[in-house]
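In the numbering used here, the protein residues as written are 146 to 438.
These are computed hints drawn from the structure, not numbers from a lab. None of the values given here were measured: they were computed from a predicted structure. Glycine included, every Cβ here is placed at the ideal spot set by N, Cα and C. Keep in mind that the hints are not guaranteed to be accurate.
[Claimed, not checked] Okay, derived cross-link-like pairs now, SDA-like style, lysine to any residue, Cα gap no bigger than 20 Å in a straight line:
1) 279 / 264
2) 331 / 319
3) 249 / 233
4) 245 / 203
5) 203 / 189
6) 338 / 312
7) 223 / 326
8) 223 / 239
9) 203 / 354
10) 245 / 323
11) 245 / 259
12) 223 / 279
13) 331 / 239
14) 223 / 339
15) 279 / 361
16) 245 / 189
17) 338 / 354
18) 254 / 269
19) 223 / 316
20) 338 / 327
21) 150 / 166
22) 338 / 269
23) 213 / 319
24) 223 / 380
25) 331 / 241
26) 249 / 324
27) 213 / 312
28) 245 / 325
29) 213 / 411
30) 279 / 364
31) 338 / 357
32) 338 / 226
33) 206 / 233
34) 338 / 241
35) 338 / 233
36) 245 / 328
37) 223 / 286
[As the list claims (entries may be wrong)] Taking CB as the label site, the calculated pair distances span:
38) 226 / 361: 17 to 25 Å
39) 199 / 165: 47 to 55 Å
40) 265 / 331: 20 to 28 Å
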Amino acid sequence: MKKSKSRIVFEICNFMIISFLTLSCMVPIINIFAYSFSSSQAIIENRVSLWPVDFTLKAYKYVLTNAKFWTSMGVTLKRVILGVAVNVVMDILVAYPLSKSELKFPARKYYVAFMLCVMLFSGGMMPTYFIVAKTGLIDTIWSLILPGAVPIFNCIVLMNFFRGIPEELEESAMLDGANPLQVLIKIYLPISKPSIATVTLFSLITHWNSWFDGLIYSNHTENYPMQSYLQTIVVSTTNQTEMDVDKMLDLIGVNEVNMQSAQIFISIIPLMIVYPFLQRYFTKGLTLGSVKG
Numbered sequence: 146m147k148k149s150k151s152r153i154v155f156e157i158c159n160f161m162i163i164s165f166l167t168l169s170c171m172v173p174i175i176n177i178f179a180y181s182f183s184s185s186q187a188i189i190e191n192r193v194s195l196w197p198v199d200f201t202l203k204a205y206k207y208v209l210t211n212a213k214f215w216t217s218m219g220v221t222l223k224r225v226i227l228g229v230a231v232n233v234v235m236d237i238l239v240a241y242p243l244s245k246s247e248l249k250f251p252a253r254k255y256y257v258a259f260m261l262c263v264m265l266f267s268g269g270m271m272p273t274y275f276i277v278a279k280t281g282l283i284d285t286i287w288s289l290i291l292p293g294a295v296p297i298f299n300c301i302v303l304m305n306f307f308r309g310i311p312e313e314l315e316e317s318a319m320l321d322g323a324n325p326l327q328v329l330i331k332i333y334l335p336i337s338k339p340s341i342a343t344v345t346l347f348s349l350i351t352h353w354n355s356w357f358d359g360l361i362y363s364n365h366t367e368n369y370p371m372q373s374y375l376q377t378i379v380v381s382t383t384n385q386t387e388m389d390v391d392k393m394l395d396l397i398g399v400n401e402v403n404m405q406s407a408q409i410f411i412s413i414i415p416l417m418i419v420y421p422f423l424q425r426y427f428t429k430g431l432t433l434g435s436v437k438g
């Protein structure tokens, strides 16, 4: 098919814009990568840009022996496993009944209106903190999970996907003796894999990148998730008095920028590995509505 001139111009502009946005996202990551492998002197002299200068692995050696970093990594992994599971289960249980028509669920519009209000207007940081504190969740992993157990946007994504599934499938299953829970598990969930994968990735990214709740709900640094720990080391200086003589000798030629960059780069590797496997579900999960009759 021959392309018109306007179509060719549009594709060229589209390619240039997407390329610029891609580079704007990749350059900071490449810069952090270069800093993590560069020597302290090269960083001080501002000779590092997008390629390591005076290549060294001392920053990563420090990270591998830093117990606080791996403790925070363990907290984050625990949070991701529990948090994503809770989010996905709650999303499904909320979205399934709200996907029904008003003939089957007359109060549906009131629940949807309430959810939209909650999504747009929160109760505020202080009321939320008091609730978490009064329920005894401070310094526990559940303080990082339960306040956001029901992501409203994810529920809306799943609800719209469920609404696109033909009602005839559910009616035929009901005639065969299936109850609503069996319909959900055996019919809706297998068809909705793209949408479920999408909201799973959304929840994974949210829990992995969250840092502020870890600071306000944890009184001890050993309970910090990884992003909260990284935030503290980025905004504060390294306390060299806490290091023994051997470590200080090992860290000759390494400064704070090296260590911060190495830890930040390591923290984004898991998402870089997981994202390509789930990215292909985005378009289907957000736009398709299963089989169209």
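Exercise for the section: Quick one: which hint numbers does this structure break? Sort them smallest to largest. Expected result: 1, 3, 4, 7, 8, 9, 12, 14, 16, 17, 18, 19, 21, 22, 23, 24, 27, 31, 33, 39 and 40
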